[in-house]
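Number of protein chains: 2
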Amino acid sequence: MIASSQKHWSGDVADLLRVGEGFVLADVDTRSTPGYAKDKVHAAEDLKAGARELDEYQERLFARSRVDATDAAVLLVLQAMDSAGKGGIIRHVVGSVDPQGVVLSAFKKPTPEELEHDFLWRVEQRLPASGLIGVFDRSHYEDVLIGRVRQLAPAEEIERRYTAINDFEKRLTKTGTRVVKVMLHISPDEQKSRLMERLERPDKHWKYNPGDVDERELWPSYMAAYQTVFERTSTEHAPWHVVPADRKWYARLAVQHLLLEALEEIDPHWPAATFDVEAEKKRLTAS
Amino acid sequence: MIASSQKHWSGDVADLLRVGEGFVLADVDTRSTPGYAKDKVHAAEDLKAGARELDEYQERLFARSRVDATDAAVLLVLQAMDSAGKGGIIRHVVGSVDPQGVVLSAFKKPTPEELEHDFLWRVEQRLPASGLIGVFDRSHYEDVLIGRVRQLAPAEEIERRYTAINDFEKRLTKTGTRVVKVMLHISPDEQKSRLMERLERPDKHWKYNPGDVDERELWPSYMAAYQTVFERTSTEHAPWHVVPADRKWYARLAVQHLLLEALEEIDPHWPAATFDVEAEKKRLTAS
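Heads up: the sequence lines are chains Z and H, in that order. According to full-length UniProt numbering, the first sequence is numbered sequentially starting from 1. According to full-length UniProt numbering, the second sequence is numbered sequentially starting from 1.
Calculated directly from the structure, the hints in this document are not laboratory data. Among the clues, some could well be false.
Identical chains share a label here; the pair holds if one copy fits it or two copies do between them.
What the hints assert, rightly or not - Derived DSSO-like pairs (lysine-lysine); straight-line CA-CA distance at most 27 Å:
1) LYS281 / LYS248
2) LYS281 / LYS192
3) LYS170 / LYS204
4) LYS174 / LYS281
5) LYS48 / LYS248
6) LYS174 / LYS109
7) LYS109 / LYS48
8) LYS108 / LYS7
9) LYS108 / LYS281
10) LYS204 / LYS281
One chain only, chain Z, in its complex shape (with noise of 0.2 Å):
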């Protein structure tokens, strides 16, 4: 059983919004919410049922690698369109386990010196060590999705990155790493009118950046680009997932499930003692 916590699902999450074969982005429904029939009430239930087995296995994945020689390790990647809600997801879904266990990294527009390198260089090293989860805020992804709506490389280069990209999380994969590649989904009708609360309420101004509504404009192109990133990277290894997002309380769930399918994978159990329990017990009486 998978995330068994999670009770009100009524069918496997994570294959409904995997990307496989002959995947249309533009047919997904923004609105809805597959596998999940109930209401948001029973999504905060299950959400917070999740928190606490998504907390648990967090620590006995740190635990193993503490005291195992053990590689394993999670990487969340996280891409949407602004507004989407991966701020929210990482709050609300990423914020229930220790901070102790999580590596948090935002990728945003490139620096002088990272632009001096190979655009994998920069997310190398923000990979999760082992025992650790990792969250990407925006990734290598960028790199061939605004990257390539803006034409911020030549054509052959952003060519050259999908190859390049799977490459990479091959090895990531075959040295221990489980890879959740996540896109929170929203339309533009949604997207509108989260912009439009954060220019209502001045608590959420600070959120908000003409620059989004520039960005609006090529809805379509980022779209293309997002389809072309899941027919070119929705591996084996690491496959894209699309999870509709319009109705938050769904996204978060969904990408709750999506990493306790990833720690269940792992399996961790609690290490075993290094030491002679009995004797050390007899040690720390006499100090």
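Given chain Z, put chain H in place with the hints provided.
Leaving out everything else, chain H in the frame of chain Z:
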């Protein structure tokens, strides 16, 4: 009013815990709860209310740093004997705020590369950027604690470090970082019972290190080293706080309070919009 969300304090906890003139570590009762006459049920209520307040402060601090030219940040320095509860503070106090606003650094035995630099070199690299709450799980103080107890450096080098630390922390505070220094203080008996629990529970074995018992032999030397640290480095700009930590609930509440106080002193306001809100509403509507 400071930390108004924590309602049940009967005294000014920061004042009560601050290391001032004539402070004697040996006089601190590790089971005491200075300034808090209520029990752990009330403390749980206060911790929850404080978490909401901390969360909002942190978001304001972060928001402001994205918009205004501010260099405000917070640095929480945690020092303690093993099993005193640093991990619990990180999990239950720091863990209640958005992970995107926190940067956590655990300082372990220095690497060969780190040893080729001054002791402050590795610390400098982990300082929180503006808008962030940095947390040091151990810190540059290890270099005058275990460094002194285990004689890892000559006496005159240890001596030099106190002044170097004061200069360093003065620079931090002058450039906008509030430095909150906390020693979690437990008794040797409390430590013994916590270590025993680690031996008795298979899911805690990984946290047990036989070396911890050897360190217990050096308890008096560590306490002497802490006493010197307090005398030499509890300054006006970056005072130490000794938090009695035999009762975990008290320690967590007190540290949360100290963080709230630091943030309240910064008093971060939501930044004003740097764009024409009404004009943006029109642009967005038309997009």
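Consistency of the hints with the structure:
Taking the shortest Cα distances, LYS281 and LYS248 sit within 27 Å of each other only across copies (23 Å), while inside one copy they are farther apart (50 Å). Only between protomers do LYS281 and LYS192 lie at most 27 Å apart by alpha-carbon distance; the minimum there is 10 Å, versus 62 Å within a single protomer. Taking CA atoms no more than 27 Å apart as the test, LYS170 paired with LYS204 passes in neither setting, with 40 Å inside one copy and 34 Å between copies. With identical chains, the CA atoms of LYS174 and LYS281 are never at most 27 Å apart, being 40 Å at best within one copy and 49 Å at best between copies.
In this homomeric assembly, LYS48 and LYS248 come within 27 Å of each other (Cα to Cα) both inside a single copy, at 15 Å, and across copies, at 24 Å. For a Cα distance limit of 27 Å, the shortest separation of LYS174 from LYS109 qualifies neither inside one copy, at 29 Å, nor across copies, at 30 Å. Taking CA atoms no more than 27 Å apart as the test, LYS109 paired with LYS48 passes in neither setting, with 35 Å inside one copy and 37 Å between copies. In the homo-oligomer, the alpha carbons of LYS108 and LYS7 never lie at most 27 Å apart, since the shortest distance is 37 Å inside one protomer and 41 Å across protomers.
For the homomeric pair LYS108 and LYS281, the shortest alpha-carbon distance between copies (26 Å) is at most 27 Å, but the shortest distance inside one copy (51 Å) is not. Within a single copy, LYS204 and LYS281 get their C-alpha atoms only as close as 55 Å, which misses the 27 Å cut-off; across copies the closest is 14 Å, which meets it.
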